[in-house]
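Student: Knowing the structure of chain A, use the given hints to seat chain B on it.
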Amino acid sequence: MTADRSLELTTDRALKLAAIGTAAGVFSGLFGVGGGTVMVPLLVLWLGYGPRAATGTSLAAIVFIAGFAAATQGAYGNVHVLDAILIGVPAVGGVLIGTWLQQRMPTRSISLLFAAVLVASAAELLAR
Amino acid sequence: MIAAIAIGVCAGILAGLLGVGGGVLFVPGLVIFLGLGQHQAEATSLLAIIPVAIVGTFKQDGYGNVRRRDALLMGLLSIAGATAGVALANALSGTVLRVGFALLMVLVAIQLVRKTMSEQAGDTHPPQAEATCVNHPDSPDKP
Numbered sequence: 006m007t008a009d010r011s012l013e014l015t016t017d018r019a020l021k022l023a024a025i026g027t028a029a030g031v032f033s034g035l036f037g038v039g040g041g042t043v044m045v046p047l048l049v050l051w052l053g054y055g056p057r058a059a060t061g062t063s064l065a066a067i068v069f070i071a072g073f074a075a076a077t078q079g080a081y082g083n084v085h086v087l088d089a090i091l092i093g094v095p096a097v098g099g100v101l102i103g104t105w106l107q108q109r110m111p112t113r114s115i116s117l118l119f120a121a122v123l124v125a126s127a128a129e130l131l132a133r
Numbered sequence: 219m220i221a222a223i224a225i226g227v228c229a230g231i232l233a234g235l236l237g238v239g240g241g242v243l244f245v246p247g248l249v250i251f252l253g254l255g256q257h258q259a260e261a262t263s264l265l266a267i268i269p270v271a272i273v274g275t276f277k278q279d280g281y282g283n284v285r286r287r288d289a290l291l292m293g294l295l296s297i298a299g300a301t302a303g304v305a306l307a308n309a310l311s312g313t314v315l316r317v318g319f320a321l322l323m324v325l326v327a328i329q330l331v332r333k334t335m336s337e338q339a340g341d342t343h344p345p346q347a348e349a350t351c352v353n354h355p356d357s358p359d360k361p
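Sequences listed follow chains A and B, in order.
The first sequence begins at 6 in the working numbering and counts up one residue at a time.
The second sequence begins at 219 in the working numbering and counts up one residue at a time.
With the rest of the complex left out, here is chain A (with noise of 0.2 Å):
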């Protein structure tokens, strides 16, 4: 097993953990996403993530992403909390639909259903 090595907080690591966040970062405070787009696949390039800790371990970053970057969108005055709120808290009941979803059944005419839900929003917006 390989496995204990690979989880040694080596500088090789540290530093590749410092350039994915960096990065995530960036992509996060300029598209108002967490950066789990990411986050992901340079988890799973860099460091041999496998795809279920890959994004587990994203989302717990982006707590702290998507909270720096919040905070500093709110110095310049764009965030709406009240919407903020609207959104945010049917969502957290969304997630729990979502993550049981993904724990019991195959999710592709779901995850289908979203990619043409992403690609007519992105045309909307270009729209625009």
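One thing to keep in mind: the hints can contain errors.
What the hints assert, rightly or not - Covered stretches of chain A (in silico footprint by chain B; criterion: 3 or more residues with CB under 8 Å from a CB of chain B, positions within the stretch not fixed): (1) 15 to 25; (2) 34 to 45; (3) 62 to 71; (4) 81 to 88; (5) 98 to 104; (6) 122 to 132.
To be verified - Computed beta-carbon distance windows for the label pairs: (7) B:A298 to A:D17: 33 to 43 Å; (8) B:Q329 to A:G53: 12 to 22 Å; (9) B:R287 to A:A125: 36 to 46 Å.
As the list claims (entries may be wrong) - Short, incomplete list of chain A residues facing chain B, as computed with Cβ under 8 Å: (10) A28; (11) I92; (12) R113; (13) I115.
Since the hints were derived computationally from the structure, they do not count as laboratory data.
The beta carbon of each residue, even a glycine, is placed where N, CA and C say it ideally should be.
Tutor: For chain B alone, kept in the frame of chain A given last:
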């Protein structure tokens, strides 16, 4: 109000499924249905992501998928990048940001389709088996 709640629930489901924060749906939802500008939508999305990510982290931790020390290190070291990213966003026009964001959404959609297709093709590792196996090599922190 109903639109906002619907956006929230959908973004949350996507977040739970993919293990992301949900921002990729929060931002367009806030622009399209609540009429926010691109900068305000991005900023508001960041705040809305926080409770989603906290709850998602607890759930994922329960499945043994969170490597806490790595997450803490990455999260805390993101501060310079996050500050720079926000400064960059505020220096760009809403139109440029919106086009960039639309490209990001297409990229995420492609990722989603590819992931779905690869799971379908090589289905030797059903997700439910992987997730409930406490000794999975992905989760060495949880013996």
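Student: Confirm or reject each hint.
Tutor: To see whether the hints hold, each was checked on the structure:
1. 15 to 25: With 4 residues closer than 8 Å to chain B, the stretch 15 to 25 of chain A meets the three-residue bar; holds.
2. 34 to 45: holds (count 11)
3. 62 to 71: It holds, with 10 qualifying residues against the three required.
4. 81 to 88: Result for this restraint: holds, n = 6.
5. 98 to 104: Per the Cβ count (7), the hint holds.
6. 122 to 132: This one holds; 9 residues, not fewer than the three required, reach chain B with a Cβ under 8 Å.
7. B:A298 to A:D17: 33 to 43 Å: violated (20 Å)
8. B:Q329 to A:G53: 12 to 22 Å: Since Q329 of chain B and G53 of chain A have Cβ atoms about 20 Å apart, the given range 12 to 22 Å holds.
9. B:R287 to A:A125: 36 to 46 Å: holds (40 Å)
10. A28: holds (6 Å)
11. I92: holds (4 Å)
12. R113: holds (5 Å)
13. I115: Holds. Min distance 7 Å.
Checked against the numbered hints given earlier, the structure breaks only hint 7 and satisfies all the rest.
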